[in-house]
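S.K.: Numbering (this note's numbering), first residue to last: 1 to 64.
These are computed hints drawn from the structure, not numbers from a lab. Careful, some of the hints might be misleading.
[Unchecked claim] Okay, derived cross-link-like pairs now, SDA-like style, lysine to any residue, Cα gap no bigger than 25 Å in a straight line: (1) K33 - A43; (2) K33 - G49; (3) K33 - N60; (4) K33 - V57; (5) K33 - R19; (6) K33 - H55; (7) K33 - A46; (8) K33 - Q21; (9) K33 - G62; (10) K33 - A59; (11) K33 - L56; (12) K33 - P17; (13) K33 - N53; (14) K33 - C45; (15) K33 - I52; (16) K33 - D48; (17) K33 - S58; (18) K33 - S54; (19) K33 - P16; (20) K33 - L44; (21) K33 - V22; (22) K33 - G61; (23) K33 - R23; (24) K33 - Q20; (25) K33 - Q18.
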Amino acid sequence: MSDPITPVAPSWRSPPPQRQQVRVHAPSGRICKPEDVAMAIAALCAGDGEWINSHLVSANGGFL
């Protein structure tokens, strides 16, 4: 995969028309920002996350 879809991928910096559809279906009404992913990572690295392992965490704002 040459261009993975992440909040900082070039394909998301130059938004295609489908971005509006993502916003419509996201409960937060917006696209994930790098800071959102950073907060999820920080929560997992904190003491409260010590029992979480081998799990895929989708930091997607509740995308439906």
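S.K.: Indicate, hint by hint, whether the structure satisfies it.
M.R.: For each hint, the structure was consulted:
1. K33 - A43: Given that 25 Å is the threshold and the Cα spacing comes to 16 Å, the pair holds.
2. K33 - G49: 22 Å, holds
3. K33 - N60: Cα-Cα ~9 Å, so holds.
4. K33 - V57: The given pair, whose Cα atoms are some 15 Å apart, holds under the 25 Å limit.
5. K33 - R19: 13 Å, holds
6. K33 - H55: Holds: K33 and H55 sit about 21 Å apart, inside 25 Å.
7. K33 - A46: Roughly 21 Å between the alpha carbons, so the hint for K33 and A46 holds.
8. K33 - Q21: Given that 25 Å is the threshold and the Cα spacing comes to 17 Å, the pair holds.
9. K33 - G62: Holds, at about 13 Å.
10. K33 - A59: Distance ~10 Å between K33 and A59 Cα, so the pair holds.
11. K33 - L56: 18 Å, holds
12. K33 - P17: Roughly 18 Å separates the two Cα atoms, so the pair holds.
13. K33 - N53: Distance ~24 Å between K33 and N53 Cα, so the pair holds.
14. K33 - C45: Holds - the C-alpha atoms of C45 and K33 are around 19 Å apart, at most 25 Å.
15. K33 - I52: Roughly 23 Å separates the two Cα atoms, so the pair holds.
16. K33 - D48: 23 Å, holds
17. K33 - S58: The given pair, whose Cα atoms are some 13 Å apart, holds under the 25 Å limit.
18. K33 - S54: 24 Å, holds
19. K33 - P16: 17 Å, holds
20. K33 - L44: 18 Å, holds
21. K33 - V22: Holds, at roughly 13 Å.
22. K33 - G61: 10 Å, holds
23. K33 - R23: 13 Å, holds
24. K33 - Q20: 15 Å, holds
25. K33 - Q18: With a Cα-Cα distance of about 17 Å, the restraint between K33 and Q18 holds, given a limit of 25 Å.
Of the numbered hints given earlier, the model fails none.
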